[in-house]
Amino acid sequence: MTTSADPVRIVIVDDADIVSARQQGRETAEKLGLSATESTLVATAISEIARNIMSHAGEGEIAIHMVAVEGARGIEVVARDDGPGIADIERAMQDGYSTGPGLGLGLPGARRLMDEFDVTSEVGVGTTVVMRKWCSK
Amino acid sequence: MAVPILKQGEYLIASIQSAMTDGEALRLRDDLVRQVGRFRSRGIIVDVTALDVLDSFAARSLSTIAHMTRLRGAATVIVGVQPEVAFAMVQLGLAFEDIHTALDLEEGLQFLDSRTGSG
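Line by line, the protein sequences are chains A and B. Per my numbering, the first sequence runs over residues 288 to 424. Per my numbering, the second sequence runs over residues 16 to 134.
Worth flagging that the hints you see were computed from the coordinates, not collected in a lab. Only a predicted model underlies this, so the values are computations on that prediction, with no experimental measurement involved. Any given hint might turn out to be false.
Restraint-style ranges between C-beta atoms, simulated for each label pair [said to hold, decoys possible]:
no. : chain 1 : residue 1 : chain 2 : residue 2 : range
1   : B       : Gly38     : A       : Thr289    : 47 to 53 Å
2   : B       : Ala110    : A       : Glu403    : 32 to 38 Å
3   : B       : Gln32     : A       : Ser322    : 24 to 30 Å
4   : B       : Thr131    : A       : Val410    : 25 to 31 Å
5   : B       : Ser33     : A       : Ser322    : 39 to 45 Å
6   : B       : Gly38     : A       : Asp369    : 44 to 50 Å
7   : B       : Thr131    : A       : Glu357    : 56 to 62 Å
8   : B       : Ser129    : A       : Glu357    : 32 to 38 Å
9   : A       : Cys422    : B       : Thr64     : 23 to 29 Å
10  : A       : Gly411    : B       : Arg42     : 33 to 39 Å
11  : A       : Ser423    : B       : Arg87     : 41 to 47 Å
12  : B       : Arg42     : A       : Arg399    : 25 to 31 Å
Built from N, CA and C at the ideal position, the CB exists for glycine as well.
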């Protein structure tokens with residue numbers, strides 16, 4: 288898989304950054320030729336993941352890349368934080384499970400919106416979410 | 016940017032103009048709950064036509080507006096959810112099941128008229 292050399296990076300510190308991150312995601316998705324619906328799914332997933340960073344870690348970063356593999360093009364979103372980490376990822380991926388103020392839809396919801404979704408986390412070190420959506424055309 | 020709220024007879028109409036931050040969503044909630052009392056409003060329309068994303072936080076804020084203002088004696092209807100937004104919301108697991116929705120402002124007004132017995 289090849290990754291674009293210069294990803295768009297958005298530092299997530301406050302709620303305005305959540306809006307910027309999802310707008311950047313939509314822009315990149317549209318540039319890649321994803322449909323309006325697919326771009327909305329990507330923007331919504333980024334919004335959920337960015338809010339997770341804010342609620343659980345306080346701050347972090349979202350990097351948005353264009354990726355290509357065997358002729359398929361897509362968007363890759365990498366969300367990273369140095370927060371408390373997730374002790375039980377399996378549980379965190381269940382609908383309605385929340386340790387924060389949210390609905391508990393963040394991680395499982397974002398997974399349903401994207402084609403690929405992967406969480407790695409270490410307690411006391413941080414959390415990384417990698418998610419991708421491929422161009423359907 | 017604060018969401019403008021127009022008073023039209025017994026109703027309050029909040030038209031969200033652009034992407035809304037979490038803070039702005041909470042402010043809209045507080046403003047509407049307060050203004051329902053101030054203007055003795057019977058109905059509220061929140062127009063989300065301009066929103067290209069409705070994530071779990073925004074959806075929960077809108078639900079809370081509907082529930083809080085109901086306790087203050089007003090009916091709330093959310094209008095203008097765009098087709099792509101509706102698709103994403105369902106995938107996300109949000110269905111607005113316990114609140115009233117209508118296609119657009121006109122339908123929203125009709126709904127409130129039928130609820131409040133005016134018009």
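Hints versus structure:
1. Range check, Gly38 of chain B to Thr289 of chain A: Cβ separation about 39 Å, and the 47 to 53 Å hint is violated.
2. Checking the proposed 32 to 38 Å range against Ala110 of chain B and Glu403 of chain A shows it is violated: the Cβ atoms sit about 25 Å from each other.
3. Range check, Gln32 of chain B to Ser322 of chain A: about 25 Å between beta-carbon atoms, so the 24 to 30 Å window is met.
4. A C-beta distance of roughly 53 Å is found between Thr131 of chain B and Val410 of chain A, which places it outside the suggested range of 25 to 31 Å.
5. For Ser33 of chain B and Ser322 of chain A, the Cβ-Cβ distance of about 23 Å falls outside the hinted range of 39 to 45 Å, so the restraint is violated.
6. Here the CB-CB span from Gly38 of chain B to Asp369 of chain A is close to 24 Å, at odds with the stated 44 to 50 Å.
7. Checking the proposed 56 to 62 Å range against Thr131 of chain B and Glu357 of chain A shows it holds: the Cβ atoms sit about 59 Å from each other.
8. Against the hinted window of 32 to 38 Å, the Cβ-Cβ separation of Ser129 of chain B and Glu357 of chain A comes to about 56 Å, which falls outside the hint.
9. Separation of Cys422 of chain A from Thr64 of chain B is about 28 Å and conforms to the stated range, judged on CB atoms against 23 to 29 Å.
10. At roughly 35 Å, the beta-carbon separation of Gly411 of chain A and Arg42 of chain B lies within the given 33 to 39 Å, and the hint holds.
11. At roughly 46 Å, the beta-carbon separation of Ser423 of chain A and Arg87 of chain B lies within the given 41 to 47 Å, and the hint holds.
12. A beta carbon spacing of about 30 Å between Arg42 of chain B and Arg399 of chain A agrees with the range 25 to 31 Å that was offered as a hint.
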